[in-house]
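Asks: Sequence:
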Amino acid sequence: MPTPDTWKKSSYSGGGQGDACVEVADLDTHIFVRDSKDPARAVLTFPASAFAPFIGALKDGRSPRAD
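Its first residue numbered 54, the sequence shown is counted upward by one per residue in my numbering.
Mixed in with the good hints, there may be bad ones.
[As the list claims (entries may be wrong)] Here are the simulated DMTMM-like pairs of lysine to aspartate or glutamate, each with C-alpha atoms no more than 25 Å apart in a straight line:
#1 K62 - D88
#2 K62 - D81
#3 K62 - E76
#4 K61 - D79
#5 K90 - E76
#6 K62 - D79
#7 K61 - D91
#8 K90 - D79
#9 K112 - E76
#10 K62 - D91
#11 K112 - D88
#12 K61 - D113
#13 K90 - D58
#14 K61 - D81
#15 K112 - D79
#16 K112 - D81
#17 K62 - D113
#18 K61 - E76
#19 K61 - D88
[Claimed, not checked] DEER-style ranges, computed between Cβ atoms:
#20 D79 - A110: 31 to 39 Å
#21 S64 - F99: 14 to 22 Å
#22 L111 - K90: 14 to 22 Å
#23 A93 - G114: 16 to 24 Å
Calculated from the structure, these hints are not laboratory results.
For glycine and all other residues, C-beta sits at the position ideal for the given N, C-alpha and C.
Please put together the full structure from these sequences, using the hints given.
Replies: This is how it looks when you write it as structure tokens:
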């Protein structure tokens, strides 16, 4: 699991009070994503090669799917 110093807050997070934030940790082979308001809860884990297509699908308004 990533250590606290490996997490970075997304530059696209927040609006309003800036409390709708996502944090990301890039550990070479995997990307970890968590809710910054509750970092002890579940963490999403992606193979590094799947993260960019996932984000691209979200930006395009498509439903990301596993192949």
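Asks: Each hint should be assessed against the structure and marked as holding or not.
Replies: Hint check:
1. K62 - D88: holds (10 Å)
2. K62 - D81: holds (18 Å)
3. K62 - E76: holds (4 Å)
4. K61 - D79: holds (9 Å)
5. K90 - E76: holds (10 Å)
6. K62 - D79: Holds - the C-alpha atoms of D79 and K62 are around 12 Å apart, at most 25 Å.
7. K61 - D91: Holds. K61 to D91 sits at ~14 Å (cutoff 25 Å).
8. K90 - D79: holds (19 Å)
9. K112 - E76: Holds, at roughly 18 Å.
10. K62 - D91: Holds, at roughly 13 Å.
11. K112 - D88: holds (19 Å)
12. K61 - D113: Within the cut-off at roughly 24 Å; holds.
13. K90 - D58: holds (16 Å)
14. K61 - D81: Measuring from Cα to Cα gives roughly 15 Å; hence the hint holds.
15. K112 - D79: Holds - the C-alpha atoms of D79 and K112 are around 20 Å apart, at most 25 Å.
16. K112 - D81: holds (23 Å)
17. K62 - D113: At roughly 22 Å apart (the allowed maximum being 25 Å), D113 and K62 satisfy the hint.
18. K61 - E76: holds (5 Å)
19. K61 - D88: holds (11 Å)
20. D79 - A110: 31 to 39 Å: With a Cβ separation near 19 Å, D79 and A110 fall outside 31 to 39 Å, so the hint is violated.
21. S64 - F99: 14 to 22 Å: Hint holds: Cβ distance 18 Å, inside 14 to 22 Å.
22. L111 - K90: 14 to 22 Å: 20 Å Cβ-Cβ, so the 14 to 22 Å window holds.
23. A93 - G114: 16 to 24 Å: Taking Cβ atoms as reference, A93 and G114 lie about 31 Å apart, which means the hint is violated.
Hint compliance for this structure: hints 20 and 23 are broken, all remaining hints hold.
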